Amino acid sequence: MSQRRIAVTGVGVICAMGLNAAEMWESLRTGRSAIDRLTDPEFDHLRFHNGAAVHKYIPEEHFTPTSVDHMDRFAQFAVVAAREAVRDAGIEWTDALRQRSSIITGTGTGGQSTEDKGFADVYLRGRDRVHPLTIPRSMSNAGASHISMEFGITGPAFTVSTACSSSNHAIAMALQLLRSGAADMAITGGSEAPLSFGILKAWEAMRVVAPDTCRPFCKDRRGLILGEGAGMLVLEPLDIARARGAKIYAELAGAGMSADAKHITQPTVEGPVRAMRDALTDAGLKPEQVGYINAHGTGTPGNDPAETKAIREAFGAAAEKLAVSSTKSMHGHALGAAGAIEAVATLLGMREGILPPTANFTEPDPECDLDYIPNVAREAHIEAAISNSFAFGGLNAVLAFRALA
Amino acid sequence: MQDELTDKIIATLASVKHIPREQIKPESSLADLGFDSLDTISLLFELENNFQISIPDESARSIRYVHEIIDGVRQLQAAGPAAPTAGQAPANT
Numbered sequence: 001m002s003q004r005r006i007a008v009t010g011v012g013v014i015c016a017m018g019l020n021a022a023e024m025w026e027s028l029r030t031g032r033s034a035i036d037r038l039t040d041p042e043f044d045h046l047r048f049h050n051g052a053a054v055h056k057y058i059p060e061e062h063f064t065p066t067s068v069d070h071m072d073r074f075a076q077f078a079v080v081a082a083r084e085a086v087r088d089a090g091i092e093w094t095d096a097l098r099q100r101s102s103i104i105t106g107t108g109t110g111g112q113s114t115e116d117k118g119f120a121d122v123y124l125r126g127r128d129r130v131h132p133l134t135i136p137r138s139m140s141n142a143g144a145s146h147i148s149m150e151f152g153i154t155g156p157a158f159t160v161s162t163a164c165s166s167s168n169h170a171i172a173m174a175l176q177l178l179r180s181g182a183a184d185m186a187i188t189g190g191s192e193a194p195l196s197f198g199i200l201k202a203w204e205a206m207r208v209v210a211p212d213t214c215r216p217f218c219k220d221r222r223g224l225i226l227g228e229g230a231g232m233l234v235l236e237p238l239d240i241a242r243a244r245g246a247k248i249y250a251e252l253a254g255a256g257m258s259a260d261a262k263h264i265t266q267p268t269v270e271g272p273v274r275a276m277r278d279a280l281t282d283a284g285l286k287p288e289q290v291g292y293i294n295a296h297g298t299g300t301p302g303n304d305p306a307e308t309k310a311i312r313e314a315f316g317a318a319a320e321k322l323a324v325s326s327t328k329s330m331h332g333h334a335l336g337a338a339g340a341i342e343a344v345a346t347l348l349g350m351r352e353g354i355l356p357p358t359a360n361f362t363e364p365d366p367e368c369d370l371d372y373i374p375n376v377a378r379e380a381h382i383e384a385a386i387s388n389s390f391a392f393g394g395l396n397a398v399l400a401f402r403a404l405a
Numbered sequence: 001m002q003d004e005l006t007d008k009i010i011a012t013l014a015s016v017k018h019i020p021r022e023q024i025k026p027e028s029s030l031a032d033l034g035f036d037s038l039d040t041i042s043l044l045f046e047l048e049n050n051f052q053i054s055i056p057d058e059s060a061r062s063i064r065y066v067h068e069i070i071d072g073v074r075q076l077q078a079a080g081p082a083a084p085t086a087g088q089a090p091a092n093t
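For the protein sequence lines, the chains are Y and Z, in the order given.
Taken in order, the first sequence gives residues 1 to 405; the numbers are from the working numbering.
Taken in order, the second sequence gives residues 1 to 93; the numbers are from the working numbering.
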């Protein structure tokens, strides 16, 4: 018997490019980068000064004052994106559906921003206690828990954390859960809010953050730009989605996962190659059927040539006809939320027939020799797309989407 | 004869990489000593702490040899203590 096919029926997003999918799409379509100066005066004491922050977000416009007290920014983002995805999917809740629904979220740093402030109180300000809500605000599963309470979902709910691949691993797990029949609907994606002084200092010490902007695959790229936000998808078995007349963005046709097993921060070529190949095999796709890759494309010296090489190896001759872009050039690197935000970008692009560009593109690195859709979005109706996430720790996860007629 | 600064820098390298000091010469390359990217950022962190300097990312990226580190630290020390905004520290050559 063939396995259950899984459809994406709703998307939600909040990131520097916009507070919802419509706003984000407008920026993607026009190739407008949302990277700018970080405004917190505390951040003046950093080697880098630019980021991709969600400037227009006002928590009280989305949550009651008590909820704001209870939720770190990363958990708020998770709920904001989940609300949009559920609304977009036109879900009509019943008790039976609530029991048969699942939530799988990804996050890398979770509520470390809350911890950062609490620890500064005891270590720096000489206070004798931290805020009693520090633990419930900072736990990595807070996003999943608040989504479950928001909708009364009582099915399987949990969080995965694999640094920059967290979202893609979460979405891949949701795919397996729905295929297995353990749930009939899933809200899945990821959220991140790492723009806190202590966390930024830790990134500064890694010397991978660009002082200017994010220029993936370019000769003059100087590193990544940190971002924040959330992306959430509503996944349902295709037969159920069709039976209820849901609009369908695409089929989540497959996922591929691998571990480099080599180095805690230096990527390999082989690990990503296996993840991409496995995603295609799982989806039943041939390389030449794929028209677009939303690349991991961090803009660091290490990632971009290795990813280019990996794409060439996984796609062979088909790499010549591939369009590849890194939307991190516009929404920054939102770490554990990156895969979900990029999945939304990919799905919107497939639906609209327009592939988002790599912004801030200057001159290509000679070691990066693919078609990166420089600066200007491109009209293209594609059959399938993949979205790459490769994490520190060498943990890779790739999603494959197929357009449905 | 090696001066005191050179000795201190070699001691820092040895401590970061957990190797004997005798193995490290000014003409040694970081690659030959087995430094990977993580060892290198750890080394830069220790040098900044031990010598009260701020090493800009751009010059950090071009370091290949121990003698370049010694020259760089000497120049940064001569330029005065680390500015409060790390990124604005004088550039190493």
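Where hints are given, some of them may not hold.
To be verified - Below 20 Å or equal to it, Euclidean Cα-Cα: the simulated SDA-like pairs (lysine to any residue) are: (1) Z:LYS8 with Z:ILE19; (2) Y:LYS262 with Z:GLY34; (3) Z:LYS17 with Y:HIS263; (4) Y:LYS262 with Z:LYS8.
These are computed hints drawn from the structure, not numbers from a lab.
Computed from a prediction, not measured in an experiment: that's the story for all the values here.
Does Z:LYS17 pair with Y:HIS263 here, judged by a C-alpha cut-off of 20 Å? Roughly 16 Å separates the two Cα atoms, so the pair holds.
Hint consistency between Y:LYS262 and Z:LYS8 [alpha-carbon to alpha-carbon, up to 20 Å]: violated, 32 Å
Would you check the hint for Z:LYS8 and Z:ILE19, treating anything up to 20 Å between C-alpha atoms as holding? Given that 20 Å is the threshold and the Cα spacing comes to 14 Å, the pair holds.
Hint check: Y:LYS262 vs Z:GLY34, CA-CA at most 20 Å. Holds or violated? holds, 15 Å
When the structure is compared with the earlier hints, a violation turns up for hint 4 alone.
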